[in-house]
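Colleague: Fit chain B to the supplied structure of chain A, relying on the hints for placement.
Just so you know, the protein sequences line up as chains A and B, in that order. Once you know that position 266 of the first sequence is 266 in our numbering, the rest is easy, because the numbers rise by one and skip nothing. Once you know that position 89 of the second sequence is 490 in our numbering, the rest is easy, because the numbers rise by one and skip nothing.
None of these hints come from the bench; they were simulated from the model. This one's a predicted model, so the numbers in the text were calculated from it and none came from an experiment. Incorrect hints may appear among the rest.
These stretches of chain B come out as covered by chain A in the derived footprint (C-beta under 8 angstroms, 3 or more residues) [what the hints assert, rightly or not]:
{"no.": "1", "segment": "443-456"}
{"no.": "2", "segment": "466-480"}
{"no.": "3", "segment": "496-503"}
Note that CB positions come from ideal geometry on N, CA and C, so glycine has one too.
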Amino acid sequence: MNTADVLRFASFSLAGARTRTLLMVAAMAIGVASVVVLTSLGEGARRYVAGQFSSLGTHLLIVFPGRSETTGNPGMLLGETPRDLTLDDALTLTRSRAIRRIAPLTVGAALVSTHKRSRETPVLGSTAEMLEIRKMSMGQGQFLPGGDPRQALPVCVLGDKVRRELFGNQPAVGEWLRIGDRRFRVIGVLAAQGQSMGFDTDELVIVPVASAQMLFNTSSLFRILIEARGRESIEHAKQDALDILAQRHDGEKDVTVVTQDAILATFDRILRALTLAVAGIAAISLSVAGILIMNVMLIAVSQRRQEIGLLKAIGAAPAQIRMLFFAEAAVLSFAGALAGLVLGFSGSFVIGRIYPVLPSVPPWWAVAAAFGTALVTGILFSVAPARRASRLDPIESLARH
Amino acid sequence: MIRLDGIQRVFQVGDQAVHALRDIDLSIGAGEYLSIMGPSGSGKSTLLNLIGLLDRPSAGIYRLDGGDVTGLSDEEQARVRRDKIGFVFQFFHLIPRLSAAANIELPLLLAGVPAEQRKTRVAQLIRDFGLAGRETHRPDQLSGGQRQRVAIARATVMEPAVILADEPTGNLDRATGQEVMNILEGLAASGVTLLLVTHDPEIGNRASRKLRMVDGRIVADERASS
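Just chain A, same shape as in the assembly:
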């Protein structure tokens, strides 16, 4: 009996018991579909985070004050707070050959007002390099001017939403507004770009770093953003930054430098684990489908005793009988898996439509695994029924009951 004949015979048997077949295909399909949908959600979340990070700019390092690990240094015991990062710290970093550019960052919130309207807005102090490092783009006008960052120029750049709220349809560039107790001239508006790593750039007001320090009456920095020269110099840049800052801080290693890759890798690991966990849960529903198939196959064997007896009488060997039942299970699982894929893909398509920010595409490994598991469980769980069928006594099976 060749494979095509076996499959044809199996398909006929399945078509002969339509309700049973449909139920089993549905069970299998739901299992496979849930694997596909759930993993595509997990994978979507992972890609979303990865996308967020790469929108931050590539080869990015972030310096912030304080150390991430606690060691027994005497400063802690004496209640000494970590030394602040200063603008000079930041500017010194450009000495490293591994570092292409830096952008110091100061943040605060202030009341921003025109003569008509006002609102409370996060204010970011930085330099001209910020635009490049954060890969932002301008809507109108220009970004902060270059030149000496220690100079507190009275200019500002608005996020798109801030512009709309303060100026409405009126032109904003060239206008004066008040931030806190100082007056600034609007020299540019950022293009609308939405959320990026917790900062909604649409709601920001950006001023030169020195102006922000004056506004908030501080000499410290919130962060220093560093762009390394290339992917391979990220580690080098990190080491240089640590060395330079330690040197400036009397040998005290009191800053933390994280690379975007490290953060990304952590998120990646967490989300991948999450996806796997979710896939595991979905796989349980697949094995439930497998057990259902076994049950129904066992019933089918007892219902089809006469047929099995007849097949034996006309010369079917036990191995052939087993093969026929395997083939049935295989055809069934294949149909179920296929239906499940269709269901799963349309499901994740719908999710993608509802939540467009989630790139919900099921990962290929999950699709392959779901398909494979469906086939394997289906066939594995048909071993017992197939054996039972092949061992039926033909005389008893043929006896009219």
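Modeller: Relative to the frame of chain A, chain B by itself:
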């Protein structure tokens, strides 16, 4: 062709041993037409099943075509059954979801005969057995006589040397039974060995050799003088 020596078949029913066949010695030549008659429980079906390799004797030796088939494995017996033996049953035992043609084709399918040959062979039998126009009908769309003709076609499709028929007319009316007997006897006349188990003396007496069984023993073995 068929040789049974000292065949015993004992069934264990509860803690009681039931002797379905006791000490059967029987030799059947190629092309013989033989009927087995006897009351219910006399062991005639058991004997037929044994000859058809659906059952194994508790003791004794069964030779088919000179070879000992008693000790063959299940797989080997299935092969012998497929190639040399055709069964015809009282209740036809057609597969309900398959068409008449597909039912006839089954043994060829199991034997792995290529599709082309299968088709010509089945078409041939459908003509021979007067089933033209019915090949796509499913068994429940056929009359009893037609069903039995499909079953006989299935039994002969592998061109077996032996046909074993267990009450082939038991479920048919007289006229249809007659028609089926004619077909079977036609096969016998063409050289096939035909073993017929029946209750009906009128049918049994048509055979050229008649066995009578009682209590698991052959009590009479008559050959018609022809």
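Colleague: Tell me the numbers of any earlier hints that the structure contravenes, in ascending order.
Modeller: none
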